[in-house]
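Engineer: These are the residues of each chain, in order.
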Amino acid sequence: MNSFWAVTTATLVKDIRLEWRSKDALNSMLFFSLLVVVIFVFSFDPLAEESRHIVGGLVWIAFLFAAVVALNQTWARELRNQVLDAYRVSPAPANGLFLAKTLGNFIFVCVLEALMAPLFVIFYNLHVLGPAWQLVPIALLGTWALVVNGTFFAAMSLRTRNREIMLPLLLFPVSIPAVIGMVAGTTAILTGENSAHFYIVLLLTYDVVFTTASLALFKTILHAE
Amino acid sequence: MTENPAQSAIIVSGVVKQFGRFAALRGVSAEFDAGKFHAILGDNGAGKTTLLRALAGLAHPTQGTIRMFGQDPQDSSREIGYMAHPSLLYDEMSGMENLRYFARLYEIGGDERCAEVIRAVGLDPELTRPVGQYSQGMRQRLSLARAILHDPKLLLLDEPFSNVDVHSAREMVILLKNMRGSGKTIFVVTHQALLLDGVADEFVWMQEGRIVDRTAAPVRAGETL
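Chains A and B supply the protein sequences, listed in that same order.
Residues 63 to 287 (the numbering used here) are what the first sequence spells out, left to right.
Residues 4 to 228 (the numbering used here) are what the second sequence spells out, left to right.
Honestly, the hints are just simulated from the structure, not real lab data.
Quick reminder that beta carbons are idealized off the backbone N, C-alpha and C, glycines included.
Where hints are given, some of them may not hold.
Here are the simulated distance ranges between beta carbons [as the list claims (entries may be wrong)]:
id : chain 1 : residue 1 : chain 2 : residue 2 : range
1  : B       : Phe22     : A       : Pro235    : 25 to 33 Å
2  : A       : Phe66     : B       : Ala220    : 44 to 52 Å
3  : B       : Gly125    : A       : Arg142    : 22 to 30 Å
4  : B       : Glu110    : A       : Ile123    : 25 to 33 Å
5  : A       : Ser84     : B       : Asp127    : 37 to 45 Å
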């Protein structure tokens with residue numbers, strides 16, 4: 063168990079260091095999300111009331127697409143110089159690598175969300191009518207849902223020829239329940255019309271199920287040829 | 004055939020490795036003694052690298068078995084040091100940062116061991132520039148340092164002397180010779196057989212996915228140096 067946490071921490075620190083130096087994932091996610099926000103602003107010109115109904119969908123679509131950009135980068139750096147083979151021949155637990163990668167992606171996407179959320183508020187003139195604090199669990203649980211599956215499927219599509227295409231093809235259908243939870247939960251909070259409690263429980267359940275399944279299956283994925 | 008782990012470090016029995024329709028290994032059977040230096044030779048496409056990857060547990064045999072010190076290769080990961088043709092290093096990190104990370108995977112604490120192996124391969128542990136700015140020869144040396152970091156019983160080295168100048172290659176040979184002297188079992192895949200003349204205990208000749216000869220000198224019967 064000590065080894066598991068030591069490996070997870072070391073891999074997470076290494077990934078954050080590599081991202082800090084290259085800024086590959088953060089820069090591409092940031093520019094991609096900015097573009098999406100700007101395109102949406104020009105495409106729709108909603109009133110404040112309409113904004114509260116559509117922004118939940120817009121914001122999560124932007125983050126979902128941006129996350130895919132980061133998720134593709136995550137494993138790409140392990141393929142350069144075949145560094146992943148050094149991990150595969152080591153006695154380090156496969157789950158440690160998976161958890162570190164997921165935590166790293168979670169941090170990167172959370173940073174993106176923290177930077178982009180104010181822009182959505184400004185561009186769409188948003189005023190939250192429901193309990194605003196509930197946006198925090200929705201955002202954290204929703205982001206975890208995206209990155210845990212994304213990290214797993216990105217690893218799965220590593221050895222495929224068109225892995226950039228493969229990832230969304232695998233990730234998006236599986237993410238539909240989580241996306242529904244995120245969008246409906248966010249809309250419920252923004253409009254104040256319904257309680258978001260159900261969606262928070264839905265996302266929590268989704269996260270537990272998919273995190274457990276991914277951790278259980280990752281060793282097979284890592285050692286597959 | 005009685006398995007005697009004290010004598011036979013590695014027992015390969017009828018190993019076939021297919022990639023689709025192509026058979027890279029076509030029924031390799033051999034026993035390799037512990038504490039010996041085995042040089043694997045052969046033309047491009049003879050199956051040398053595939054055999055080495057199978058020994059490292061990175062390529063799973065389509066048929067046949069490999070026993071490493073009485074265990075499956077994947078259960079012997081602590082005993083194996085693997086150096087591939089690519090560096091298996093992160094270009095964005097310094098040599099010391101790379102080794103520090105890999106040391107954590109093997110539960111080796113402290114920087115002393117990392118600095119010791121970096122010095123052992125003739126590099127400076129204080130070098131702060133990223134590995135991506137190293138020369139090819141320096142990368143090869145650091146890659147060797149990574150492979151020996153956890154003091155493995157078995158070293159599997161794929162073309163360690165390629166792109167290395169003659170002087171550095173000779174230094175690496177001396178290092179390997181000393182390691183063999185300390186009881187390690189060493190496999191080196193190389194096209195530079197003459198470098199290992201008088202150093203390797205045996206030369207294993209491969210052709211079209213099979214071991215076709217095993218000799219004590221880097222020449223086959225009927226050939227001259």
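Engineer: Tell me the numbers of any earlier hints that the structure contravenes, in ascending order.
Structural biologist: 4, 5
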